[in-house]
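Participant: This is what each chain is made of:
2 protein chains.
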Amino acid sequence: MAAENLLSGAAPVAAVLPAGGSGERLGSTTPKQFCALLGRPLISYTVRALERVNWISDIVVVVSLENIETMKSIIKKYGHKRITVVEGGMTRHRSIFNGLKIFPESTLSSCPLQKPEVVIIHDAVRPFVEEDILLKVVLAAKEHGAAGAIRPLVSTVVASSADGSLDHSLERVRYRASEMPQAFLFDIIYQAYHQCSDYDLDYGTECLQLALKYSKTNAKLIEGSPDLWKVTYKRDLYAAESIIKDNLSQQVCVTTDMKEDAVQFGFLLHKTLKSEVKVKDISVFLYKNDNHLQNTFSGQCYNFICINAEKSDIKETQQLIDILENAKISVLHPVVLISVHLNVSENMSFSSGMEELAGIKEFAREVKKKNILVYGLLIHYNKLQETINSAAAIISALIKDRNPELIGQLLVA
Amino acid sequence: MAAENLLSGAAPVAAVLPAGGSGERLGSTTPKQFCALLGRPLISYTVRALERVNWISDIVVVVSLENIETMKSIIKKYGHKRITVVEGGMTRHRSIFNGLKIFPESTLSSCPLQKPEVVIIHDAVRPFVEEDILLKVVLAAKEHGAAGAIRPLVSTVVASSADGSLDHSLERVRYRASEMPQAFLFDIIYQAYHQCSDYDLDYGTECLQLALKYSKTNAKLIEGSPDLWKVTYKRDLYAAESIIKDNLSQQVCVTTDMKEDAVQFGFLLHKTLKSEVKVKDISVFLYKNDNHLQNTFSGQCYNFICINAEKSDIKETQQLIDILENAKISVLHPVVLISVHLNVSENMSFSSGMEELAGIKEFAREVKKKNILVYGLLIHYNKLQETINSAAAIISALIKDRNPELIGQLLVA
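If you read the sequences in order, they're chains B and P. The opening residue of the first sequence carries number 1 in full-length UniProt numbering; numbering runs sequentially from there. The opening residue of the second sequence carries number 1 in full-length UniProt numbering; numbering runs sequentially from there.
Simulated from the structure, these hints should not be mistaken for lab results. Please note: incorrect hints may appear among the correct ones.
It does not matter which identical chain is used: a pair holds within one copy or between any two.
Said to hold, decoys possible - Straight line, CA to CA, 35 Å or less: simulated DSBU-like cross-link-like pairs of lysine-lysine: (1) Lys-101 / Lys-77; (2) Lys-77 / Lys-383; (3) Lys-370 / Lys-274; (4) Lys-245 / Lys-370; (5) Lys-274 / Lys-369; (6) Lys-72 / Lys-369; (7) Lys-383 / Lys-369; (8) Lys-400 / Lys-315; (9) Lys-383 / Lys-370; (10) Lys-271 / Lys-234; (11) Lys-383 / Lys-259; (12) Lys-328 / Lys-370; (13) Lys-101 / Lys-271; (14) Lys-213 / Lys-383; (15) Lys-234 / Lys-115; (16) Lys-259 / Lys-370; (17) Lys-81 / Lys-259; (18) Lys-274 / Lys-245; (19) Lys-142 / Lys-213; (20) Lys-216 / Lys-370; (21) Lys-368 / Lys-315; (22) Lys-216 / Lys-259.
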């Protein structure tokens with residue numbers, strides 16, 4: 001892997017994640033880094049974004065005293081690795097400094113963490129950071145001592161005079177918004193924090209500025225993608241949740257039983273879903289082919305459609321749920337499972353149908369505890385292609401919405 | 001009304017809405033002001049936000065030549081009033097200048113527009129502007145000649161040197177992001193545009209700066225709310241759509257037929273909905289009390305729940321739909337109508353139930369053309385409070401999602 005080659009032979013790269021903010025701009029009592037997106041705290045997404053980068057050896061999360069236990073339970077629940085939780089200070093800079101201090105100054109220390117050559121500083125509320133930009137800032141920090149991601153300004157920046165009038169406006173093209181991640185040679189930023197004033201620690205907002213002022217290091221500025229934005233307001237939580245849902249609905253796995261009807265319907269559905277919605281891959285395969293399923297899991301598929309020619313049978317669905325559970329697919333994200341039934345008995349009375357439905361609802365409620373959202377879809381054949389289109393539209397809506405209140409419902413295409 | 005008193009005796013206030021942008025930052029081929037939110041173009045929301053302010057006499061929308069017909073059809077479809085469409089220029093400043101030019105310099109002109117004392121400049125992609133901030137900038141413009149909304153900076157602003165390194169960072173507290181709306185005494189901004197250079201017209205981004213430079217007017221800066229943000233990236237479209245859905249789901253109207261069961265269920269549902277979801281007002285009333293319904297409409301309710309003790313009957317639902325249509329409630333926003341059925345005949349066979357369902361789907365598809373989303377909800381009594389809770393959760397989910405793909409479905413509580 002390119003990143004590993006570029007970083008080979010190096011002392012480790014660590015990351016510090018300040019997460020001590022109070023969330024007052026959000027207008028919420030829960031600090032924004034702990035707000036739930038699809039049931040999971042925002043900070044867990046950000047931690048995961050760093051954790052999956054295998055050349056980052058340690059991730060130090062800095063939280064305020066009252067959130068230490070919350071943070072530890074998040075780490076446990078979502079199985080995060082290589083994390084150290086540190087108590088924050090009164091301000092952002094003091095929190096980051098606390099995070100840096102836990103790396104030992106000498107190798108004689110009993111601390112299990114190794115002092116890194118390069119340290120990444122990232123915000124807990126920027127969950128969509130990609131390996132690509134992390135690598136860029138780390139490599140630039142190795143070369144220049146410090147580096148940070150920037151973005152074009154969205155609004156013109158103005159300076160106001162004492163009476164609240166416009167003093168001057170800045171020429172937009174000359175300036176950039178300083179975003180995260182940033183990276184530093186550890187000694188450079190550590191020294192800067194040691195030498196800076198209390199005023200800096202209390203009122204400063206910019207690590208790059210500390211490196212410039214106290215370590216005479218002109219940071220390299222690197223254009224980042226729009227995804228690096230900081231979740232600040234309630235609207236940003238909405239946006240983040242939509243982006244996560246969008247990411248989760250990119251890939252669908254279709255399974256069928258061996259009946260001819262089911263296989264045929266599966267292929268037609270496959271074709272229609274592919275042309276109508278953004279679907280990266282659909283696999284149609286026989287039910288118990290675990291190898292194939294395993295491949296789908298490693299491809300991070302979070303949506304499953306089981307087509308049954310037989311009448312509603314919870315057993316086969318249960319089988320798939322067991323596989324999903326063993327593969328721990330639903331630990332990080334809610335999995336959507338749509339059970340499609342082709343043939344509904346003509347003779348069943350509506351009330352016994354209702355009884356059966358109540359059973360499915362109960363079943364779905366149980367399975368939801370495993371973070372798997374089960375919906376039913378009855379195929380009521382009329383005009384074939386019209387029915388397929390309708391099924392594809394409903395499936396696509398269920399996958400995109402991931403609505404936990406509609407589990408156990410039996411929809412009709 | 002306070003605003004009218006403060007503005008009384010004044011020459012009119014007009015607004016210019018530059019909407020010529022290409023949307024390249026959005027990564028989409030449709031310019032962002034024409035992207036659909038719940039089926040309706042973003043610009044229509046912004047136009048509506050200005051149009052509902054009755055002391056704004058004229059709204060000038062400036063669009064590029066190729067979008068003039070699109071804009072006119074939007075105005076027609078959504079019934080916007082007091083709008084003049086003007087062709088834009090190559091840049092933002094040139095477009096705004098074009099918008100200002102259509103106000104006649106003398107009253108002898110045959111133009112039906114009157115030259116305003118104060119002109120508001122606002123962005124087409126800031127749909128959530130409130131009357132409050134519009135009034136503030138207009139009053140400040142009357143006093144100071146120019147005024148604009150500002151917001152605290154979210155990120156630190158940095159200046160880069162020629163080699164792409166950090167030159168310096170700005171002290172965040174001293175600067176503000178310049179947002180919209182802005183307002184000017186018409187003569188001040190018009191003169192500034194007449195005197196400014198081609199360089200200003202081609203590369204400038206800030207109207208306040210033109211007023212400062214060419215009309216010696218220090219604009220008053222006014223702190224705005226976070227809602228003023230500019231829809232710039234795809235995530236902003238997601239956020240805007242979520243905010244609109246959230247706004248639309250604040251109020252629910254419950255109607256019941258006169259059967260005792262339905263009225264009782266309505267009251268229980270009322271109570272549960274009120275305690276479980278954010279609902280401003282629920283009215284339980286008899287079905288044909290048009291006066292009461294009319295009041296609900298003027299309160300801008302976009303969610304209706306009809307409870308029927310009888311078996312599924314489309315006639316009563318149709319009646320409500322006719323009332324909604326006459327009141328033009330669904331012109332601007334999709335209306336959700338949930339038809340709740342308490343008693344399902346025990347004897348109906350599942351297949352005839354399916355037939356009926358197919359009928360409801362067909363019906364819902366027709367009604368959707370009127371921008372009314374119809375869903376069915378069967379109440380399958382088991383434990384009463386549990387059923388009510390389940391019904392409230394499903395209703396709340398349907399209202400919040402407004403998912404057009406799930407119309408005509410019969411959900412079960």
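Participant: For each hint, tell me whether it holds in the structure or not.
Facilitator: Structure-based check of each hint:
1. Only within a single protomer do Lys-101 and Lys-77 lie at most 35 Å apart by alpha-carbon distance; the minimum there is 27 Å, versus 62 Å between protomers.
2. Taking identical chains as interchangeable, the C-alpha atoms of Lys-77 and Lys-383 lie at most 35 Å apart only when they sit on different chains, with a minimum of 33 Å there against 47 Å within one chain.
3. In this assembly of identical chains, Lys-370 and Lys-274 lie within 35 Å of each other by CA distance both inside one copy and across copies; the values are 29 Å within and 29 Å between.
4. Within a single copy, Lys-245 and Lys-370 get their C-alpha atoms as close as 18 Å, and across copies as close as 29 Å, so both meet the 35 Å cut-off.
5. When the C-alpha separation of Lys-274 and Lys-369 is checked against a cutoff of 35 Å, the pair qualifies both within a copy, at 31 Å, and between copies, at 26 Å.
6. Taking the shortest alpha-carbon separations for Lys-72 and Lys-369, only the intra-copy value of 21 Å comes in at or below 35 Å, while the best inter-copy value is 51 Å.
7. Taking the closest pair of Cα atoms, Lys-383 and Lys-369 come within 35 Å of each other only across two copies (22 Å); inside a single copy the shortest separation is 38 Å, beyond that limit.
8. Both within a single protomer and between protomers do Lys-400 and Lys-315 lie at most 35 Å apart by alpha-carbon distance, with minima of 26 Å and 33 Å respectively.
9. When the C-alpha separation of Lys-383 and Lys-370 is checked against a cutoff of 35 Å, the pair qualifies only between copies, where the shortest distance is 25 Å, while the shortest distance within a copy is 37 Å.
10. Proximity of Lys-271 to Lys-234 under the C-alpha cut-off of 35 Å is restricted to the inter-copy arrangement: shortest distance 28 Å between copies versus 38 Å within a copy.
11. When the C-alpha separation of Lys-383 and Lys-259 is checked against a cutoff of 35 Å, the pair qualifies only within one copy, where the shortest distance is 21 Å, while the shortest distance between copies is 39 Å.
12. For the homomeric pair Lys-328 and Lys-370, the shortest alpha-carbon distance inside one copy (10 Å) is at most 35 Å, but the shortest distance between copies (45 Å) is not.
13. In this assembly of identical chains, Lys-101 and Lys-271 lie within 35 Å of each other by CA distance neither inside one copy nor across copies; the values are 56 Å within and 54 Å between.
14. For the identical chains of this complex, Lys-213 and Lys-383 are neighbours neither inside a copy (72 Å) nor across copies (69 Å), given an alpha-carbon limit of 35 Å.
15. Taking the closest pair of Cα atoms, Lys-234 and Lys-115 never come within 35 Å of each other, the shortest separation being 37 Å inside a single copy and 40 Å across copies.
16. For the homomeric pair Lys-259 and Lys-370, the shortest alpha-carbon distance inside one copy (29 Å) is at most 35 Å, but the shortest distance between copies (42 Å) is not.
17. In this assembly of identical chains, Lys-81 and Lys-259 lie within 35 Å of each other by CA distance neither inside one copy nor across copies; the values are 44 Å within and 60 Å between.
18. In this assembly of identical chains, the alpha carbons of Lys-274 and Lys-245 lie at most 35 Å apart whether taken from the same copy (18 Å) or from different copies (28 Å).
19. In this assembly of identical chains, the alpha carbons of Lys-142 and Lys-213 lie at most 35 Å apart only when taken from the same copy (19 Å versus 44 Å across copies).
20. In this assembly of identical chains, Lys-216 and Lys-370 lie within 35 Å of each other by CA distance neither inside one copy nor across copies; the values are 53 Å within and 66 Å between.
21. In this assembly of identical chains, Lys-368 and Lys-315 lie within 35 Å of each other by CA distance solely inside one copy; the values are 16 Å within and 37 Å between copies.
22. Taking the closest pair of Cα atoms, Lys-216 and Lys-259 never come within 35 Å of each other, the shortest separation being 72 Å inside a single copy and 81 Å across copies.
Consistency note: the structure conflicts with the earlier hints numbered 13, 14, 15, 17, 20 and 22.
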